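Colleague: Required output: the full structure, derived from the provided sequences and hints.
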Amino acid sequence: GAVVSQHPSWVICKSGTSVKIECRSLDFQATTMFWYRQFPKQSLMLMATSNEGSKATYEQGVEKDKFLINHASLTLSTLTVTSAHPEDSSFYICSASDATYEQYFGPGTRLTVT
Amino acid sequence: QQPVQSPQAVILREGEDAVINCSSSKALYSVHWYRQKHGEAPVFLMILLKGGEQKGHDKISASFNEKKQQSSLYLTASQLSYSGTYFCGTGGVFTDKLIFGTGTRLQVFP
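So the protein lines, in turn, are chains A and B.
Its first residue numbered -12, the first sequence is counted upward by one per residue in the numbering used here.
Its first residue numbered 98, the second sequence is counted upward by one per residue in the numbering used here.
Be aware that a few hints might be false.
Derived DSS-like pairs (lysine-lysine); straight-line CA-CA distance at most 27 Å [said to hold, decoys possible]:
1) Lys1(A) to Lys51(A)
2) Lys53(A) to Lys7(A)
3) Lys42(A) to Lys28(A)
4) Lys28(A) to Lys134(B)
5) Lys194(B) to Lys53(A)
6) Lys123(B) to Lys28(A)
7) Lys164(B) to Lys147(B)
8) Lys194(B) to Lys28(A)
9) Lys51(A) to Lys194(B)
10) Lys7(A) to Lys134(B)
11) Lys42(A) to Lys194(B)
12) Lys147(B) to Lys165(B)
13) Lys194(B) to Lys7(A)
14) Lys123(B) to Lys152(B)
Calculated directly from the structure, the hints in this document are not laboratory data.
Fair warning: this is a prediction, and the values are worked out from it, not measured in the lab.
Modeller: Here you go:
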C-alpha cells in the first residue's frame, strides 16, 4: 500500500517552455502533498505544501508564479514549471501524506532544460 | 533552519556498525529517517515521535531525544545494500511538513 506515482520520470525541454509534472497517490487519499527539489549531491529542499482545494503554501524563496501547483483532488497534485530555464534543471520529487505523520515519496522526475 | 547531520560521510566494511546523528535548532515533534540511492526517491526507514522513542527494525534502529533536539540512527552489521545517502526529516508540532537534514553518505564495501 501507500504508493505514489510521478509522471513523467524524466523530461527534457527547451528554455522558455513550460513543463507539467503529475503526482498521484494510487491507493490512498492524500490530505497533503509536498513538492521538493533536489540538486546533485544536495538534500531535498521543500518547495511547497498543497492541500486539496486550497492554494499551495510556498517556502521562502520559491517563486509562486514560476512554480504553479494545483491540487485538484485528494489523489492528484501537479507542478508546472513555467518559462523553464537551465537553472531549473533538477530532480523534482513529490510526497503525499495521509495525516499519519508518514510521507510517501514518488519516484521523482528529472527535469533537464536545454 | 536545516537540521545538521554528522558525519557527512562514512565508509564501512561489511559487518561494521555506524551511527548517524541529526541535530536541530528547533523544537521537534517527530523525526523521520530515509535512505536514498543515487537517482532514486528517498525510501522511508522509520519515524520517531515526541516522547523519547526508540525504535528498530532488523539491524537498523533509531533514538529520539527531544530535550537535546537530536536523533540518532544506528546501523549494525552493515550490508552492501545499506549504501546510500541517509537523511533525517524533522517535523514541528503544528505542521506535517518535513525539513530534511544535510545528509550522510554511507558506503559499504565487501
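Colleague: The structure should be examined with respect to each hint, and the outcome stated for every one.
Modeller: Going through the hints against the structure:
With a C-alpha separation of about 21 Å, the suggested pair Lys1(A) and Lys51(A) falls inside the 27 Å cut-off, and the hint holds. Taking the CA atoms of Lys53(A) and Lys7(A), the gap is near 12 Å; set against the 27 Å cutoff, the hint holds. Straight-line distance between C-alpha atoms of Lys42(A) and Lys28(A) comes to about 31 Å, which puts the hinted pair past the 27 Å bound. Taking the CA atoms of Lys28(A) and Lys134(B), the gap is about 11 Å. The hint holds against a cut of 27 Å.
For the proposed pair Lys194(B) and Lys53(A), the alpha carbon gap of about 21 Å is at most 27 Å, so the pair holds. This hinted pair checks out: Lys123(B) and Lys28(A) have alpha carbons roughly 25 Å apart, not beyond 27 Å. Proximity of Lys164(B) to Lys147(B) is assessed by CA-CA distance (about 10 Å); at most 27 Å being required, the pair is judged to hold. In summary, the hint linking Lys194(B) to Lys28(A) is supported, as the alpha carbons are separated by about 22 Å, within the 27 Å threshold.
Among the hinted pairs, Lys51(A) with Lys194(B) is consistent with the structure: their alpha-carbon atoms are about 18 Å apart, no more than 27 Å. Only pairs whose Cα atoms come within 27 Å are accepted, and Lys7(A) paired with Lys134(B) is accepted, the gap being roughly 25 Å. For the hint linking Lys42(A) to Lys194(B), the alpha-carbon distance of about 16 Å falls within 27 Å, and the restraint holds. For the hint linking Lys147(B) to Lys165(B), the alpha-carbon distance of about 12 Å falls within 27 Å, and the restraint holds.
Between Lys194(B) and Lys7(A) the CA atoms are separated by roughly 23 Å; this keeps the pair inside 27 Å, and the hint holds. With a CA separation close to 22 Å, the supplied pair Lys123(B) and Lys152(B) stays within the 27 Å bound.
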